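Participant: Okay, here's what each chain looks like letter by letter:
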Amino acid sequence: MGDVSDLLDLLPVYYSRLFPFADYHRWLSYGNAATFSKREFSFTLSDDIYIRYQSFHDQKGLSDEIKRLLPHKIDIGAVYNAQPKDQRRGPNFQPVERELVFDIDMTDYDEVRTCCKGADICNKCWKFMSLACKILDSALRLDFGYKHILWVFSGRRGIHCWVCDSAARTLSGQVRAAVAEYLQVIGGGEFMKKKVHLTGDKIHHSIKRALDIIDPIFVEMCVKEQNMLGTEEGIEKFLPILPNEEDKQEMKALFNKESTSEARWHAFVQYIESKRTEGDRKWYLYRHLIEEVKLQYSYPRLDINVSKGLNHLLKSPFCVHPKTGKICIPFNANVVDKFDPDKVPTIMTLIEEINAYDVRDKAEEETYELNKKRIKDYKKTSLNKSLHVFQEFLRHLEAERREERLKGKLSVDSMEF
Amino acid sequence: MDYTARKRHTTIIDTNGRENDYPHDIQMYNVPPVGEMSLEEFQELGFDRLKALRLVETTNCRSDLKTLEDRKKALCDSLKSDGLKYYANLLYADGSNPQSEEHLQTRKKDHISHFILRLVYCHDIEQSKWFINQEVEFFKLRFSSLEKKGIEYLLNISNLDCLPISQNEKLEMKEELSLSSGKVTNIDIVDIYKVPFEKVIDLVRGRKIYLKAGMAYVTHMDLSSVFICYFRENLIAGLENAKMLYDNISDDERLTRYLTGLPSAFSGMARVVWSTTTTPIDKLHDLSKTSYPLCMRTLHEALCTNSHLRNSGRMQYGLFLKGIGVTLEDALHFWRDAFSKKTDGSAFDKKYAYSIRHYYGKEGRQTNYTPYGCQKIISSSVGPGEYHGCPFRHMDRDSLCQKLTSYGVFASNMTEILDFAKDAQYHLACAKYFEVIHNKPASKPLLHPNAYFAESRAISTEDDSNGKDFDNKDKFSQNAIGTPGGLSSRKSDRYSTPSRNSDFTGTPKRNNKFSTPSRNIDTIDTPLRKVQKTNYTPSKKTKMTPVNIAEMLNDDDFTDFMDVDLMDQKS
Ligand code: SF4
Ligand SMILES: [Zn+2]
Chain A
1 MGDVSDLLDL LPVYYSRLFP FADYHRWLSY GNAATFSKRE FSFTLSDDIY IRYQSFHDQK
61 GLSDEIKRLL PHKIDIGAVY NAQPKDQRRG PNFQPVEREL VFDIDMTDYD EVRTCCKGAD
121 ICNKCWKFMS LACKILDSAL RLDFGYKHIL WVFSGRRGIH CWVCDSAART LSGQVRAAVA
181 EYLQVIGGGE FMKKKVHLTG DKIHHSIKRA LDIIDPIFVE MCVKEQNMLG TEEGIEKFLP
241 ILPNEEDKQE MKALFNKEST SEARWHAFVQ YIESKRTEGD RKWYLYRHLI EEVKLQYSYP
301 RLDINVSKGL NHLLKSPFCV HPKTGKICIP FNANVVDKFD PDKVPTIMTL IEEINAYDVR
361 DKAEEETYEL NKKRIKDYKK TSLNKSLHVF QEFLRHLEAE RREERLKGKL SVDSMEF
Chain B
1 MDYTARKRHT TIIDTNGREN DYPHDIQMYN VPPVGEMSLE EFQELGFDRL KALRLVETTN
61 CRSDLKTLED RKKALCDSLK SDGLKYYANL LYADGSNPQS EEHLQTRKKD HISHFILRLV
121 YCHDIEQSKW FINQEVEFFK LRFSSLEKKG IEYLLNISNL DCLPISQNEK LEMKEELSLS
181 SGKVTNIDIV DIYKVPFEKV IDLVRGRKIY LKAGMAYVTH MDLSSVFICY FRENLIAGLE
241 NAKMLYDNIS DDERLTRYLT GLPSAFSGMA RVVWSTTTTP IDKLHDLSKT SYPLCMRTLH
301 EALCTNSHLR NSGRMQYGLF LKGIGVTLED ALHFWRDAFS KKTDGSAFDK KYAYSIRHYY
361 GKEGRQTNYT PYGCQKIISS SVGPGEYHGC PFRHMDRDSL CQKLTSYGVF ASNMTEILDF
421 AKDAQYHLAC AKYFEVIHNK PASKPLLHPN AYFAESRAIS TEDDSNGKDF DNKDKFSQNA
481 IGTPGGLSSR KSDRYSTPSR NSDFTGTPKR NNKFSTPSRN IDTIDTPLRK VQKTNYTPSK
541 KTKMTPVNIA EMLNDDDFTD FMDVDLMDQK S
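From first to last, the protein sequence lines stand for chains A and B. 1 is the number of the first residue of the first sequence in the working numbering; add one for each residue after it. 1 is the number of the first residue of the second sequence in the working numbering; add one for each residue after it.
Think of the hints as simulated: they come from the structure by calculation, not from any bench. Only a predicted model underlies this, so the values are computations on that prediction, with no experimental measurement involved. We put the beta carbon where it would ideally sit given N, CA and C, even for glycine. There may be inaccurate statements among the hints.
[To be verified] Here are the simulated lysine to aspartate or glutamate pairs, DMTMM-like style, with alpha carbons at most 20 Å apart:
#1 B/Lys85 / B/Glu102
#2 B/Lys376 / A/Asp48
#3 B/Lys351 / A/Asp48
#4 B/Lys440 / B/Glu416
#5 B/Lys422 / A/Glu190
#6 A/Lys193 / B/Glu172
#7 B/Lys403 / A/Glu245
#8 A/Lys323 / A/Glu352
#9 A/Lys202 / B/Glu176
#10 A/Lys194 / B/Asp398
#11 B/Lys403 / A/Glu352
#12 A/Lys208 / B/Glu175
#13 A/Lys237 / B/Asp398
#14 A/Lys208 / B/Asp398
#15 B/Lys212 / A/Asp212
[What the hints assert, rightly or not] Ranges between beta-carbon positions, derived for each pair:
#16 B/Asp161 / A/Leu406: 20 to 30 Å
#17 B/Ser100 / A/Thr199: 35 to 45 Å
#18 B/Asp188 / A/Asp337: 38 to 48 Å
#19 B/Gly214 / A/Val335: 21 to 31 Å
#20 A/Gly31 / B/Ser100: 53 to 63 Å
[Said to hold, decoys possible] Covered stretches of chain A, as calculated for chain B (at least 3 residues, CB under 8 Å):
#21 138 to 146
#22 174 to 184
#23 196 to 209
With the rest of the complex left out, here is chain A:
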């Protein structure tokens, strides 16, 4: 992607022909127009102007404004108790509803990935994202009972998770914080080398489940591909995790006997297992150590501040990432392994696709003079698949709403009789 001016040329087409306003509006209304109208949107415009507290009565209001302003970035905020756009927002103006959101960013993995750094990503480190997606998705569903979870590629180097069940949308800040902390296993700053501490004798079922997901790929992904113990540097990072000086020395010596990351990992596992069984006085220190190391190197790293607050803004799905031009597309968590961040459609490719289609279309029209039915623009592009994911998500939400209404109606009926 060249520079911002390219984006400015392309955005009008993208917003007028491709951005799925109707589905988007369907989503954020949750079956209630008032909900939509009290939702905060914020826009980032081309000249570094950032506008908060925008809100719209309906789909048309939103799409007109977006087409007029051509924002580089759209953020979605909370639903407030009054329309955020209203200039008279009083002292009681406050957020009342908000999807429970999670933000996972590749940069937080810099201490455990060796393939790339910072904003870069490749297929090797993308595996961290796919693990994160699977682990969180199953915890949110099985432990918390949520069903309507939308996963979205963040446009460059991460993923966002939107939990949209009505029970999740009305959680208080405190409860959100608790959920986030429940899912936050990695803790500790720059001065804490061991970042996972499993307390107690047993391992919590949620962690166990995560380990079941991690185990089959851990060696392949972390030990081999990321070469976690293959270099001097990797070993230097690893050793401080061990509980005491003797272990560090012994482990170092053992590592020196081996030459590959994989052999060293096995040496470590063996060493710790012997400590666990040999009736070592300090077996307690080692009881979960292997699991803790695995988690430290692969468990999801969340920016939990994003999840804690109700009024935290998060980049909207279907936004164009201003630097990569990639679309923030929803994807299906069940096939996250197949998701390839390099193949995500960009605004450039999409518009080429439409243009190519239009040219073909025109040629066909001239040749056959057929009066064809107009096809939705996105269907002509590689955005189509993501739209399907999104629409399926919406269908489930709507089906549940219908069911609830039916139940509500039934109970009203039975009261009448």
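Mind docking chain B with the ligands on chain A? Use the hints.
Facilitator: Relative to chain A, chain B with the ligands alone:
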């Protein structure tokens, strides 16, 4: 709530059915008291409860008390010695529910006084937080006195979504229950209750509970969490209501004077100590070595080496600087300089200046942020790439040892500090560090980084003025203030005599009684009243002017930027 204060004593009208009003030793304070009472009685009840809560706070800060039972015992002793025997009784009430007249009176006082303090503490966010914390702590201690019967009875009369599960249901999830229910060894013999997970967030947060499809499965030992959680939520909502009630009584001047004056009747040690004079930024580097507590020294150092600090670190350090009297202009200079190696001036102005101004209440909600206390710092969560938090809590042994060695702490003192840290006695570790750096112990327990700084400055100025008259003696003299709107240190001494002793047990003597509220209000310094005023006015400027920030396309920093606006929402 219908507080009609009368000059002369009026009897309570409702004398019947009081058992029904107060069926249990523990109250959830769902319903405000009704009736009339004399102003004196009203004042005395409020004053007593405040004293009791202060004692709860000081007892909790004592790191020599390891177990809950120890703390409870110590609290009980100090309550008794302060003439608050009825609070001591409440503390140990087991819920067996005797119906004596004395019991009922005690419960009634508990009820009314709680509601009086709601009126006192509902206005200011910081003050509400303090109140909620102490009430919750007190509740926890009281709950722990309940017998099993008492708990079951409480469960019966409270309207909680908490149901026992059947033996079959238990068998089905036996495996998971025993993995995830914390300390329980034999799941067969414990009763399990099921409750929506939102009701036990303490257990959820710590992953100490089995969760399935949104339901939490609580053992009877953990039922306290259900109640504590409920209690806290109820109290938060109650404080909102209290604001409205306050407006109803606000035309009774005697009452409002009393209510606004009450919080400043004592000052705690865990309060912010605001500097009365400015601290020049060119001194910060030296001060970081001589007078900063370790948490701030670490941040300062990380800032210098990395030319960057993440949001939570900036916030912890930035507010500390505000507290020691760095002006907003200086703060902007200081941060811009510190970031300059990685961020040029204009990028800094666009990306970070907003948040710095925000700390000083100049942007966004214009909240007047106070510097973080140790408790908040110690309990903060620290992630990869971050340097904030309390070093005694958030550094592993090796890192802490290295850090201290590089600061010239000798091996002889090292083990002591490391061991304190290991035993979670962070304040004692910090106190020892203070002693090592200053060659003498602090004159009082320090529970706030800004108090640490003030104490350090006091010692250095003393030394300086004893030697060559180098520094302006007043330059760093500090003025202790409670949370916005407290008394100056001199005045607070009148009320909190023994609190300067390191035994932490100090509270006002009974005879120091806060007799006429008007007197107290007169003694509050005018500038402080202003502080208080500004805090009360909900200053929420509608901000429609677009903010101009560069690089807002960078997700990480954008997140940082937004965080600031949220801080005052989090507890
Ligand atoms: S105890 Fe308080 S002052 Fe001391 S280092 Fe920790 S947070 Fe800072
Ligand atoms: Zn990579």
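Participant: Determine for every hint whether it applies to the structure shown.
Facilitator: Each hint tested on the structure:
no.	hint	verdict
1	B/Lys85 / B/Glu102	12 Å, holds
2	B/Lys376 / A/Asp48	35 Å, violated
3	B/Lys351 / A/Asp48	11 Å, holds
4	B/Lys440 / B/Glu416	16 Å, holds
5	B/Lys422 / A/Glu190	18 Å, holds
6	A/Lys193 / B/Glu172	39 Å, violated
7	B/Lys403 / A/Glu245	17 Å, holds
8	A/Lys323 / A/Glu352	18 Å, holds
9	A/Lys202 / B/Glu176	10 Å, holds
10	A/Lys194 / B/Asp398	11 Å, holds
11	B/Lys403 / A/Glu352	57 Å, violated
12	A/Lys208 / B/Glu175	12 Å, holds
13	A/Lys237 / B/Asp398	13 Å, holds
14	A/Lys208 / B/Asp398	29 Å, violated
15	B/Lys212 / A/Asp212	18 Å, holds
16	B/Asp161 / A/Leu406: 20 to 30 Å	25 Å, holds
17	B/Ser100 / A/Thr199: 35 to 45 Å	44 Å, holds
18	B/Asp188 / A/Asp337: 38 to 48 Å	41 Å, holds
19	B/Gly214 / A/Val335: 21 to 31 Å	26 Å, holds
20	A/Gly31 / B/Ser100: 53 to 63 Å	57 Å, holds
21	138 to 146	holds (count 5)
22	174 to 184	holds (count 8)
23	196 to 209	holds (count 8)
Figure legend: structure checked against the earlier numbered hints; hints not met, in rising order: 2, 6, 11 and 14.
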